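Starting from the structure of chain A, add chain B where the hints point.
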Amino acid sequence: MSHQEQRLPHGRILRYELHERLTHWAAAFSYIYLLLTGLAFYSPWCFWLAIALGGGQISRMLHPWAGLIFFCAVIKMYTMWAAQMRTTEADKAWWNAVGHYMRNEDDQMPPAGRYNAGQKLLFWGFFWCSLLLLLTGAILWFPEYIPWSLRFLRYVAVLIHPSAALLTIGLFLIHIYMSVFAERGAFGSVIRGDVSEEFAKRYHPGWYKEIAGDSSAPRK
Amino acid sequence: MSQATLRIQKMSGHAGSVPGEDTQRGLTVCKLIDTTTCIGCKACEVACMEWNDLPFGETVFDNTYQTMPETRWNYWNLILFNEHVREDDGSLMWLMRKNQCMHCAEPGCLAACPADGAIVQYTNGIVDFQQANCIGCGYCITGCPFDIPKMNPKTNRVFKCTLCSDRVTEGLEPACIKSCPTGCLHFGTKEDMLYLGGTRAKQLQEHSNYPKAGVYDPQGVGGTGVIYVLHDASQPELYGGLPANPHVPWTVKLWKGPLKWLGNVAMVGGLIGLFVHYLRFGPKDRDEADTNAGGAKS
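Going line by line, the protein sequences match chains A and B. Heads up: the first sequence at position 166 corresponds to 166 in our numbering, and the numbers run straight through without jumps. Heads up: the second sequence at position 210 corresponds to 210 in our numbering, and the numbers run straight through without jumps.
Be a bit skeptical, because a hint or two may be false.
Interface residues of chain A toward chain B, partial, derived using beta-carbon atoms under 10 angstroms [stated by the list, open to error]: (1) A52; (2) G55; (3) S59; (4) R60; (5) A93; (6) W94; (7) W95; (8) M102; (9) P143; (10) I174; (11) A182; (12) E183.
Straight-line distance between alpha carbons at most 20 angstroms, and here's what the computed EDC-like set of lysine to aspartate or glutamate pairs gives [as the list claims (entries may be wrong)]: (13) A:K76 with A:E144; (14) B:K154 with A:E144; (15) A:K76 with A:D91; (16) B:K154 with B:E58; (17) B:K150 with A:E144; (18) B:K42 with B:E106.
None of these hints come from the bench; they were simulated from the model. It should be emphasised that the depicted structure is a prediction, and the values quoted were computed from it without experimental measurement. Backbone N, C-alpha and C fix where the C-beta goes; we use that ideal spot for every residue, glycine too.
Just chain A, with the same shape it has in the complex (with noise of 0.2 angstroms):
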C-alpha cells in the first residue's frame, strides 16, 4: 500500500510506507535471533539464551539463516535510504551540538532532514558492520571446508565476526533507547507509519518543511 492510498487521520504525516516498515521489521526480528544466539556463542554466561532457544545446535543451524535474512533486510535498506542517509554539511553542525541533542534540548540543534547525523550514523555502521558480518559468517558457518593452508581466514573471521557484531550492539542499545524512550512517537512510526506534526517539527524541521508545502508531493 501506497501513502496515496493510506488513510491517515488529521494532522498526521507518513513518515514510514510500507514496504520500509517491512523491511524494517525483518531486520528488527532477524537481528535480535542474531543477537540472543551470538550471545550464547560469545559467552558462558550467556549460553543459557541458546538453551531456551530450541538448543546448541539449532541455534547453531539457524543463526546463519538468519543472518542471510537480516543481510537481505539491510540491502533492502540500503536501496530504500542511502541516498536520503548521505553526509551533508549540516550533520557536521549536528555532531557538534550534540551536547544539546543529549541533553533535550531540541530547541537548539541545527535543523535535521529526513534523517538526523546520528541516524545517519546508525545506518552506515550497521551497513557496513553487517557486511563484515556476512563475509566472517560465511566462513564461520563452514569452517571445515576451509583448508589448512587458508586457516589465517577463520583466525580472521573468529576475531571479526564478534567484534563487528559488538560495534553493531552499541547502535542498536542506542537506536532502542531513542525510539522506545526518548523520542516519543518514533516506535508508533515503523509500526503504523505516521508521526504528528509536531513530531516532525520538532526533530525532522528540515523534512517537514520539505513535505508541508505540497501535500500532494512524496512524503518522503
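Structure of chain B alone, referenced to chain A:
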C-alpha cells in the same frame, strides 16, 4: 566410568566452577611416540578403528606409505609419511609420524569452544570431546594448532582421538600402544615418558649419529600429552608438518580474552548509561503539555 580418574579439571563454555577444579591429582598420562623406531606398519591405525568401533572408510593411495591425506572424523590415528634426504650425508630417510590429538595441557579447541561441556580436560590430562554437548560450530577446528578436530557432516558433531579415555580409566593403555609391534609407542606418566624419551634421544645423539635428536613437547600449548622422539628435533616440520612452535592462534586468545571482557563491560555499561540518562533527562518532549504522564505517546 570411574569418576576418580575422569574428574574434569577444564570444561569448555562453562560459567561457574568446574567439577574437578582445584582437586588433587599428581600424575598426568602421556603417550611417547619414538619416530625413530616406527616402521609405519599401521597396526595402531587398525587398533584405533577396532577399539573405537569406527567404520572402515576408503583409503587414498598416493604412491606413499600413507593411508590417506589427513585424519577424518572417523579416522583418528594416521601415520604421516615423508621421504627425506639428509643434508649431511645425502642418505634417504623414511620419516613416519603417528599423527593424532596431542592432548595439549592448554588446549586451543577447549578455549575456542562455546558449548557448555562439549570439550573437557580430565585431571589426568586427557582432552575429550563430549559429542552430546557439541553444537557443531567448528570453533575447535579454528582453535587447534594441529588440525585435529574433524566434523561429521551428517550430524554436525566433531570427533577426534580420545587417548582411549575409556581404556585408561580401567587401567589399560590406549589401543594404539597395545598394538605396536616395534615398541615405538609407550604409555605412562608424563614424567616417566619425558625421562624415557630423553634417554632415547641421548642414545640417538651419542650412538646413532643423530646429533640433533630430541623430544618434542611444545611449550607454546603448555606441553602435550603426546610427545615424540625425533631424529632431528630442530626440524619437526619434516615429520608431516609437525609445527615447530605451535600455539593457540592469537586472534582466538584475543577474542576469548580481552575482547570478551571489553565487550561485556561496554554492553553492561551502555545499558546502565542509557538507564541513568533516562532517569536524568527523560523523554525529549516533556516541555510541552505532557498530560500522558510516563506513558509512551504515539
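Here is what the structure says about each hint:
Here the hint on A52 (chain A) is broken, as its CB sits about 13 angstroms from the closest CB of chain B, past 10 angstroms. Against a cut-off of 10 angstroms between C-beta atoms, the interface hint on G55 (chain A) holds, since the closest Cβ of chain B lies about 8 angstroms away. Interface restraint check for S59 (chain A): the shortest CB-CB distance to chain B comes to about 7 angstroms, inside 10 angstroms, so the restraint holds. Below 10 angstroms, beta-carbon pairs count as interface contacts, and R60 (chain A) has one with chain B at about 4 angstroms; its hint therefore holds.
With a least beta-carbon distance of about 19 angstroms to chain B, the hint placing A93 (chain A) at the interface is violated under the 10 angstroms criterion. The restraint placing W94 (chain A) at the interface with chain B is violated, with a minimum CB-CB distance near 15 angstroms, outside the 10 angstroms limit. The interface hint given for W95 (chain A) is broken, as the beta carbon of that residue sits about 18 angstroms from the closest beta carbon of chain B, more than 10 angstroms. Residue-level restraint check for M102 (chain A) holds (minimum Cβ-Cβ distance to chain B is 7 angstroms; threshold 10 angstroms).
A cut of 10 angstroms between beta carbons decides the hint on P143 (chain A): the least distance to chain B is about 4 angstroms, and the hint holds. The beta carbon of I174 (chain A) is positioned within 10 angstroms of a beta carbon in chain B (closest approach about 7 angstroms), and the interface hint is therefore held. At its closest, the beta carbon of A182 (chain A) sits 5 angstroms from a beta carbon of chain B; the interface hint therefore holds under the 10 angstroms criterion. The beta carbon of E183 (chain A) is positioned within 10 angstroms of a beta carbon in chain B (closest approach about 6 angstroms), and the interface hint is therefore held.
Proposed proximity of K76 (chain A) and E144 (chain A) is contradicted: the alpha carbons are some 31 angstroms apart, above 20 angstroms. Restraint check: the Cα-Cα separation between K154 (chain B) and E144 (chain A) comes to about 13 angstroms, which is no more than 20 angstroms; the hinted pair holds. For the hint linking K76 (chain A) to D91 (chain A), the alpha-carbon distance of about 24 angstroms lies beyond 20 angstroms, and the restraint is violated. Distance check on the hinted pair: K154 (chain B) and E58 (chain B) sit about 17 angstroms apart at the alpha-carbon level, within 20 angstroms; holds.
Under the criterion of a C-alpha separation no larger than 20 angstroms, the hint pairing K150 (chain B) with E144 (chain A) is consistent with the structure, at around 7 angstroms. Annotation: proposed proximity of K42 (chain B) to E106 (chain B) is violated, straight-line Cα distance about 29 angstroms (limit 20 angstroms).
Going through the hint list in order, the structure does not satisfy hints 1, 5, 6, 7, 13, 15, 18.
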